[in-house]
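Asker: Those protein sequences? They're chains A and B, same order as listed. Under this note's numbering, the first residue of the first sequence is numbered 514, with each subsequent residue one higher. Under this note's numbering, the first residue of the second sequence is numbered 27, with each subsequent residue one higher.
Mixed in with the good hints, there may be bad ones.
[What the hints assert, rightly or not] Partial list, derived from the structure: chain B residues whose beta carbon lies under 8 Å from chain A:
(1) Y200
(2) D201
(3) G209
(4) S211
(5) I289
[As the list claims (entries may be wrong)] Simulated pairs of lysine-lysine, DSS-like, Cα-Cα distance not exceeding 25 Å:
(6) K111(B) x K589(A)
(7) K589(A) x K168(B)
(8) K190(B) x K628(A)
Just so you know, the hints here were simulated from the structure itself, not pulled from any lab data. Glycine included, C-beta positions come from ideal geometry on N, C-alpha and C.
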Amino acid sequence: MLFSVRDLHVSYGNIKAVHGVSFDVEEGEIVTLIGANGAGKSTILNTIAGLQHPTQGEIVYRGNNLARMSAHEIIKRGVVLVPEGRRIFGNLTVYENLRLAGFQLSRAELEERIKRVYSYFPRLEERRNQLGDTLSGGEQQMLAVGRALVTGGDLMLLDEPSMGLAPILVQQIFEILREINRQGKTILLVEQNAHMALKLAHRGYVLETGNIVLAGPSQELVASPEVQRAYLGG
Amino acid sequence: MEFFVQQFLNALQLGSLYALIALGYSMVYGVLLLINFAHGDIFMMGAFFGVFGSITLGLPFVPTLLLSMILTGLLGVTIERVAYKPLRQASRLSVVITALGVGLLLENGLLALTGANPRSYPQDLVTTKVYDLGGVSISNVKIIIIVLAALLFAGLYTIVQRTKWGMAMRAISYDKFAVPLMGVSQDQVISLTFLLGTSLAAAGGILWGVAFPVLNPYMGLRVGWKAFIAAVVGGIGDIRGAAVGGLLLGFIEIFVPAYGKSIGISSTWRDPVAFGLLLIILVVRPTGLFGVARRQKV
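So that you can see chain A by itself, here it is in the shape it has in the complex:
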């Protein structure tokens, strides 16, 4: 098992956001957590990435418990988050954003990975000297994924990469994610866009108010009446 979350509880003060969630991700998989706004999806990802600490539970990655580590230690182990809302540094250029993401790398390794990112997203190379603030939403999402690729690691966490993007752009980004996965990256994807997420992912978990209510291979979830009714408008 590459990655597993066991009985995760997270609270904001007195408000419990996640009530004992457990799930696994195998090496090479794309796994998605779907659910409505406020189901606790982002909280789970932020907790895995170390931006927040669980009140209870374990987050095990390659045999190490990440639950008490700081965000930059978790990144060194190989778990990288593409955060909700992209969080591009608007006062830095595209290239500087990528360079910062490779903070721990040698110069040669860094340039090598940036080159690879430019090959996935030629748009970013065209705009490499533009400030992050001047990019469109789609370009910012490309940059957010690009940064995570530069940082490296084996497990990429993505929080709502489709948010606010036109369907055609969402398809483009998801196509790249599939390609990245084919080349060996394991992906944990959180999405409100259940339709797209289940099309991409091998397996999925359905989250409702901090609990997992359904789990299974994507095709089964797509076919299940609950998912059809609640998330796919079927």
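Given chain A, work out where chain B should sit, using these hints.
Answerer: Frame of chain A; chain B shown alone:
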């Protein structure tokens, strides 16, 4: 004309000194949104470490300068670690009050150690030479101060613009939340910011002592306040703003008394006029000359 050139150099000298101190206020605000009210006293410590290097150890000018920058830089990093870091999650008011407390501790600690008598700054640190260039007398002290300040600023600007640590500093000032996600330790970036900001203030302290050779533990108060105002006028959080704000304040403070008489303003009006002008700038541009309005992020 000679008079003008003379005043121009005086203004550049004073402005460079304000700028060196203003940079530290601006950088710390940029990464922590903290107004480090102890920064003026850090400047004063830099001047005193200069006395330590020059008189106690008998070092010449450049080693004294470097020693003071290193010692003051370490002091700045220690202050951040001990006094500000535990308050990372606390309200901003608590941190500001702590900064004021740190300032009082430095002033009165030094007062207890060195006594209340103002002392003169070591004269042989830089032996003053005055050159006469076509009726304009130029002292080597002014040239050294102006050139050193310019070099230090250029060095800092290069670090901030060209290195990955500088990128991390700029990134933190834009979005603190996302920086750890890049694998960058926020604490290390903050320490570096304090190291750079306080060592520049130390250089300012020594150069101030060379230019205006009186030393006392409270010298950081007045100068610190003025440099802080210069940083705000320039646009706090932006190092170009700190440099421009410092120079601007230097020019106003020198030129108002120098030329004010001819338009009926006596030199006692220097500060009211200087700060009046700065207030007008802030009314027109509330974020300062180089500042941008900060988005509130949730």
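Asker: Hint by hint, note whether the structure agrees.
Answerer: Each hint, compared with the structure:
{"no.": "1", "hint": "Y200", "verdict": "holds, 5 Å"}
{"no.": "2", "hint": "D201", "verdict": "holds, 6 Å"}
{"no.": "3", "hint": "G209", "verdict": "holds, 4 Å"}
{"no.": "4", "hint": "S211", "verdict": "holds, 5 Å"}
{"no.": "5", "hint": "I289", "verdict": "violated, 42 Å"}
{"no.": "6", "hint": "K111(B) x K589(A)", "verdict": "holds, 23 Å"}
{"no.": "7", "hint": "K589(A) x K168(B)", "verdict": "violated, 49 Å"}
{"no.": "8", "hint": "K190(B) x K628(A)", "verdict": "holds, 18 Å"}
Violation of the numbered hints given earlier is confined to hints 5, 7; the remaining hints are satisfied by the structure.
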